[in-house]
Amino acid sequence: MIRYLVVLVIGLALGAAAASTLLFYNPLAAQNPLSPLSVSDKEIISLTYSTVASDAIVYTNDGVSRSHPHPVKVQQLWEAPIRRTDVLVTVLADSRSNPAGIGIKFMSDSERTRVINGDALIDSAWHIYLPKRGSLFVEQTENYWNFLRQIVVPAFWSAGESWKGTWHGNTTVGPGSLGTARVSGGTGALAGLESEGVEAISARAYSVEQGPVSMEGSLTIEVVGRNDPQETEVAAE
Amino acid sequence: MFKTLIIGFLLGIVGTIAAAYYMPVVDQYREPSVISVTPNGGNVETFHVNVPMDRIMTGVPNQSDPLPPGLDWPVDEIFAGVRAELFKIRNSRDLVIGVASRVAAESAEFGDSIEWVLHLPARGSFYVSLSPQSLDGISRVGQMSIGTREFQSLHGSVSERWVENADDEDEDAPAGQIEIVTMFVGEFSDDDAASDLSGENVGGES
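Sequence lines, in order, name chains F and E. Residue numbering for the first sequence follows numbering that gives the first Met the number 0, starting at 0 and increasing by one per position. Residue numbering for the second sequence follows numbering that gives the first Met the number 0, starting at 0 and increasing by one per position.
It should be emphasised that the hints constitute simulated quantities derived from the structure, not laboratory data. Values in this document were obtained by computation on a predicted structure and should not be read as measured data. We put the beta carbon where it would ideally sit given N, CA and C, even for glycine. Hints are supplied without guarantee of correctness; some may be wrong.
Far from chain E, some chain F residues (derived; all Cβ distances over 10 Å) [stated by the list, open to error]:
no., residue
1, LEU27
2, LYS41
3, SER49
4, GLY62
5, HIS67
6, VAL151
7, ALA158
8, SER161
9, TRP166
10, HIS167
11, GLY168
12, ARG203
13, SER206
14, GLU208
15, GLU221
16, VAL223
Among the chain E residues that face chain F by a calculated CB cut under 7 Å, a handful are [said to hold, decoys possible]:
no., residue
17, GLN27
18, ILE96
19, SER112
20, TYR126
21, SER128
Start from the sequences and build out the full structure, keeping to the hints where you can.
In structure tokens:
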């Protein structure tokens, strides 16, 4: 009887391992399609930033995650409702690498995350202020499944507990129907803007101990569909 | 024996896939919302920031005592008129429920601006633009025009007010609070009207 039980447990473990492997290598899960904005002929705002915590003005999280808060004495987000949230404050650079503004990114683990679909989702929101243009609010759902599968897991498996290479991928998967972020203008020349955007990551090095070591994020925002509040008021009259 | 191994193997596959399908990977902790309904149908919710304990960052150029210690705020000329702050946000029960950013900017070209983004992980985020001129020296009002998830179909007014602590006896009490009061209403869509007229929303029938 005990022999049968042992064999059953071995079978269960083998089946669980086979299913986990299938889910991990699922070819139908999260592909990395071309950004719909890459073929846009509209005006584009391109903003880049370093995703490395120590390069940020401020980076904070629950304090026990892989990326350490920066500066060291920054308040950590340890309270239960914000424990699964990271906040990044960074300088955003334009396409010529000149400082263009300040970006504040809120990132929270999404309850819609489903491993079976290849979804490792983050609900994120950007509060962006560009002194020469105005402010933007960017709402997006990001999927880090490819990033986890192709960078984080290989880093765990490597002898040096790190990953080096060249990886580029779009993280934005919604809420736009084409997998784009929803961009809204707040103040200044961007007031009334209703548009789309895409965020992408270019990674070169990742460490199990520190998280991203050399990684750059980029935001591509299409400038189209601007609702002029003054025109709206006139129309209402 | 081999049949037992195969049965175990199949059960392992089914169990793992079922677990991956049904078990939530992320379950954000949510405090019950403290919302009151006003006579005109709007929902009022009050948030606050205890100052200085809930202030995470104050980003202004040339600070002698930066917050957090070690903060390296950019010194480029374009950031001269920008003040960015980061806070933890509390509900009316004084429980932390989210984080928020406040950006105040002076611009000769576009005029001054004050804006907030409140991010409540279990509920969503919303963007608020306030009038830079205060009504009575302590409070400002503005509009919430953009929201996500729970706040996506809402819009309405928001006020910001500084409330100084009057209790001098409690040494641990905050110096004061930034009080944010939101009054939101939902948008009435054609879909709602159509479903009401067809009786879909009557008596729970569908």
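Evaluated hints:
no., hint, in the structure
1, LEU27, "14 Å, holds"
2, LYS41, "21 Å, holds"
3, SER49, "13 Å, holds"
4, GLY62, "13 Å, holds"
5, HIS67, "13 Å, holds"
6, VAL151, "15 Å, holds"
7, ALA158, "28 Å, holds"
8, SER161, "26 Å, holds"
9, TRP166, "23 Å, holds"
10, HIS167, "26 Å, holds"
11, GLY168, "21 Å, holds"
12, ARG203, "23 Å, holds"
13, SER206, "22 Å, holds"
14, GLU208, "21 Å, holds"
15, GLU221, "17 Å, holds"
16, VAL223, "17 Å, holds"
17, GLN27, "6 Å, holds"
18, ILE96, "5 Å, holds"
19, SER112, "4 Å, holds"
20, TYR126, "4 Å, holds"
21, SER128, "6 Å, holds"
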